[in-house]
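**Student:** The primary structure of each chain is shown beneath.
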Amino acid sequence: MRSRYFKQRLFFGAVRLSALVITLALLGILAYILAHGFRAITWEFLTQSPTDSMTKGGIMPAIVGTLYLTVGAILVALPLGVVSAIFLTEYAKQGALSRIIRVGVNCLAGVPSVVFGLFGLGFFVVFLKFGSSILAGALTLGILILPTIIGAAEEALKAVPQTFREASLALGVSKWNTIFRIVLPSALPGILTGAILGVGRAAGETAPIMFTAAAFFTAVLPKSIFDEVMALPYHIYVLATAGTHIEETRPLQYGTVLVLIALVLGIDLIAIIMRSMFRRNKRW
Amino acid sequence: MKNRKHSLTKHTKEIAIRNLFGFFAFLSVLLFGLILVFLFREGLPLFKQISVTDFLFGTAWYPTYEPPEYGIWPLIVGSLAVTFFACLIAVPLGILSAVYIAEIAPGGIKEILKSVIELLAGLPSVVLGFFGMVIVGPWLQETFDLPTGLNIMNAAVMLAIMAIPTISSISEDALYAVPREFKEASYALGATKYETIIRVIIPAALSGISTAVILGMARAIGETMVVLMVAGGAAAIPESIFDAVRPMTASIAAEMGEAPFRSGHYHALFATGIVLFVITLAFNLIADYISNRFRETGSGTL
Numbered sequence: 001m002r003s004r005y006f007k008q009r010l011f012f013g014a015v016r017l018s019a020l021v022i023t024l025a026l027l028g029i030l031a032y033i034l035a036h037g038f039r040a041i042t043w044e045f046l047t048q049s050p051t052d053s054m055t056k057g058g059i060m061p062a063i064v065g066t067l068y069l070t071v072g073a074i075l076v077a078l079p080l081g082v083v084s085a086i087f088l089t090e091y092a093k094q095g096a097l098s099r100i101i102r103v104g105v106n107c108l109a110g111v112p113s114v115v116f117g118l119f120g121l122g123f124f125v126v127f128l129k130f131g132s133s134i135l136a137g138a139l140t141l142g143i144l145i146l147p148t149i150i151g152a153a154e155e156a157l158k159a160v161p162q163t164f165r166e167a168s169l170a171l172g173v174s175k176w177n178t179i180f181r182i183v184l185p186s187a188l189p190g191i192l193t194g195a196i197l198g199v200g201r202a203a204g205e206t207a208p209i210m211f212t213a214a215a216f217f218t219a220v221l222p223k224s225i226f227d228e229v230m231a232l233p234y235h236i237y238v239l240a241t242a243g244t245h246i247e248e249t250r251p252l253q254y255g256t257v258l259v260l261i262a263l264v265l266g267i268d269l270i271a272i273i274m275r276s277m278f279r280r281n282k283r284w
Numbered sequence: 001m002k003n004r005k006h007s008l009t010k011h012t013k014e015i016a017i018r019n020l021f022g023f024f025a026f027l028s029v030l031l032f033g034l035i036l037v038f039l040f041r042e043g044l045p046l047f048k049q050i051s052v053t054d055f056l057f058g059t060a061w062y063p064t065y066e067p068p069e070y071g072i073w074p075l076i077v078g079s080l081a082v083t084f085f086a087c088l089i090a091v092p093l094g095i096l097s098a099v100y101i102a103e104i105a106p107g108g109i110k111e112i113l114k115s116v117i118e119l120l121a122g123l124p125s126v127v128l129g130f131f132g133m134v135i136v137g138p139w140l141q142e143t144f145d146l147p148t149g150l151n152i153m154n155a156a157v158m159l160a161i162m163a164i165p166t167i168s169s170i171s172e173d174a175l176y177a178v179p180r181e182f183k184e185a186s187y188a189l190g191a192t193k194y195e196t197i198i199r200v201i202i203p204a205a206l207s208g209i210s211t212a213v214i215l216g217m218a219r220a221i222g223e224t225m226v227v228l229m230v231a232g233g234a235a236a237i238p239e240s241i242f243d244a245v246r247p248m249t250a251s252i253a254a255e256m257g258e259a260p261f262r263s264g265h266y267h268a269l270f271a272t273g274i275v276l277f278v279i280t281l282a283f284n285l286i287a288d289y290i291s292n293r294f295r296e297t298g299s300g301t302l
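Going line by line, the protein sequences match chains A and B.
At position 155 of the first sequence the residue is numbered 155 (the working numbering), and the sequence of numbers has no breaks.
At position 11 of the second sequence the residue is numbered 11 (the working numbering), and the sequence of numbers has no breaks.
These aren't lab readings, by the way, just hints derived from the structure by calculation.
Ideal placement from N, C-alpha and C gives every residue a C-beta, glycine not left out.
Accuracy of the hints is not assured; some may be wrong.
Selected chain B positions facing chain A (in silico; Cβ < 10 Å) [to be verified]:
#1 K13
#2 A25
#3 P92
#4 E103
#5 G107
#6 S115
#7 I135
#8 I197
#9 I252
#10 A253
#11 A287
The whole structure should be built from the sequences, with the hints applied where relevant.
**Tutor:** What follows is the structure in structure tokens.
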């Protein structure tokens with residue numbers, strides 16, 4: 001009897017330890033970056049361009065570039081993702097077509113990010129002749145986050161009670177109007193949460209934009225969607241690995257990492273808080 | 001008459017919308033196909049220069065030498081090595097943390113831990129790569145007295161952090177899906193909580209947990225920035241866990257910028273992308289197969 005409970009205690013100890021290790025890993029990383037990064041954060045750092053061959057100055061062009069790329073990606077992925085999810089949940093619940101689409105979406109979700117980069121290079125940059133540009137990068141990132149958006153939208157649509165649809169259809173409302181006026185508004189909070197998580201993902205990705213959009217350094221801000229841009233994740237990579245001043249620019253690196261983390265985790269946190277608020281206020 | 005006409009156009013409109021939505025939904029499949037087409041379009045020309053076997057199993061990766069050598073075996077071994085060791089760390093931590101969240105943790109801690117896992121999943125890979133470079137690398141170098149702290153060990157630890165959220169969250173869903181009756185029956189027979197978890201719940205959720213592990217592995221093998229920054233970059237077959245390697249993803253990301261357009265090197269990097277694509281696709285299809293088979297047989301047949 002004692003040994004049975006001893007085993008249990010041992011197991012529970014291991015389980016708690018694993019949870020602790022994971023939590024400490026996250027907190028450790030965040031605390032370390034915060035401690036080293038916050039000194040670099042000044043108004044100038046956030047609002048100026050890099051100077052002295054990127055050993056001084058700020059990261060404003062990278063922030064702007066990341067915003068452009070991320071907004072572009074969500075403009076591509078959100079409409080496409082929501083429409084796909086509506087089709088999968090409202091029109092073709094079962095059957096061969098939805099099965100094929102689901103496998104396609106799953107496979108798309110599993111494609112490594114660097115392969116998206118290769119595809120973006122081969123298709124958008126070379127074949128469609130967009131060149132290395134905001135357009136090519138945003139489209140590549142948009143396709144990358146499409147499965148995330150589809151998954152989140154599908155879940156949100158499924159959570160809308162069946163009785164809503166039945167009540168609307170029973171009143172003689174057409175299927176399309178039922179979806180557009182009843183189902184979609186009810187699912188909107190969930191869809192938005194998913195979209196925000198997608199934005200966070202897109203903002204942090206490096207590999208897909210390396211060959212499609214990201215520039216080592218640009219002296220001026222982009223003027224059109226066919227311009228190259230600097231981006232926060234790529235800027236970190238460049239500062240940390242390339243050049244002859246790696247040690248000297250450490251403060252800049254920590255600062256940039258902190259800005260990126262604040263951006264991405266801030267976005268994720270908004271989504272998490274939104275979701276729990278919607279769950280609490282749910283009327284059904 | 002007028003009324004009928006109205007309902008007819010309404011009907012056509014409904015069908016049009018359905019088909020339009022269907023087309024956009026099918027776009028995901030088309031895009032997936034397009035990825036394949038363009039990988040092959042840019043990658044296949046390599047095999048006019050060398051054979052597939054020489055490419056896959058050649059042990060020399062000297063793409064810029066004259067004559068160049070495009071053997072990616074060291075890169076494949078590098079990818080497998082970092083993935084294997086990352087899984088040694090991530091699989092136990094991921095599954096155990098899922099057990100904690102699903103079965104043991106009290107309400108408040110459970111919510112916090114779920115947020116921790118979600119935030120960990122949200123950490124950009126370049127940030128983990130940076131952390132591995134500036135913290136883990138120097139620490140490994142000093143502690144084990146190594147020539148470099150950028151090696152398999154370092155990459156495995158950072159990759160594990162990336163794979164843990166995938167493994168943990170999917171395992172957690174699998175654990176929740178185990179019918180309540182199983183647990184109750186086990187308790188009714190006098191089993192302890194530990195015995196119930198180990199002998200009843202985990203076996204019942206095993207297919208879901210396997211899916212989680214496979215997807216975690218796929219995530220690790222396809223991850224780029226972490227291995228690019230901390231794996232060390234040596235395109236040689238490693239002999240110890242403290243050797244530097246150059247996984248496939250790192251090679252593509254590092255070299256594509258300098259490979260001349262449509263040169264042998266450029267094609268070789270796309271061909272490496274094909275290999276990577278096929279490996280991760282296989283992982284994903286296996287995961288998909290396992291989770292579907294489980295759904296079809298249902299919990300009643302366990």
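**Student:** With reference to the structure, classify each hint as holding or not holding.
**Tutor:** Now the hints, each set against the structure:
1. A distance limit of 10 Å between C-beta atoms decides the matter here; for K13/B the minimum to chain A is near 7 Å, and the interface restraint holds.
2. Interface hint status for A25/B: upheld, as the beta-carbon distance to the closest one in chain A is roughly 4 Å, under 10 Å.
3. With a cut of 10 Å, the hint placing P92/B at the interface with chain A holds, because the nearest CB-to-CB distance is about 7 Å.
4. Restraint check, E103/B versus chain A: the minimum CB separation of about 8 Å is within 10 Å; hint holds.
5. Using the Cβ-Cβ criterion of 10 Å, the hint placing G107/B at the interface with chain A is not satisfied: the shortest such distance is roughly 13 Å.
6. The criterion of a C-beta within 10 Å of any C-beta in chain A is met by S115/B, whose closest approach is roughly 6 Å, and the hint holds.
7. Checking I135/B against chain A by beta carbon gives a least distance of about 7 Å; that is within 10 Å, so the hint holds.
8. With its C-beta approaching chain A no nearer than about 8 Å, I197/B sits inside the 10 Å limit, and its interface hint holds.
9. Taken as an interface hint, I252/B checks out: its beta carbon lies about 5 Å from the nearest beta carbon of chain A, inside 10 Å.
10. Taken as an interface hint, A253/B checks out: its beta carbon lies about 6 Å from the nearest beta carbon of chain A, inside 10 Å.
11. The beta carbon of A287/B comes within 8 Å of a beta carbon in chain A, closer than 10 Å, and the hint placing it at the interface holds.
When each numbered hint is compared with the structure, a violation occurs for hint 5 only.
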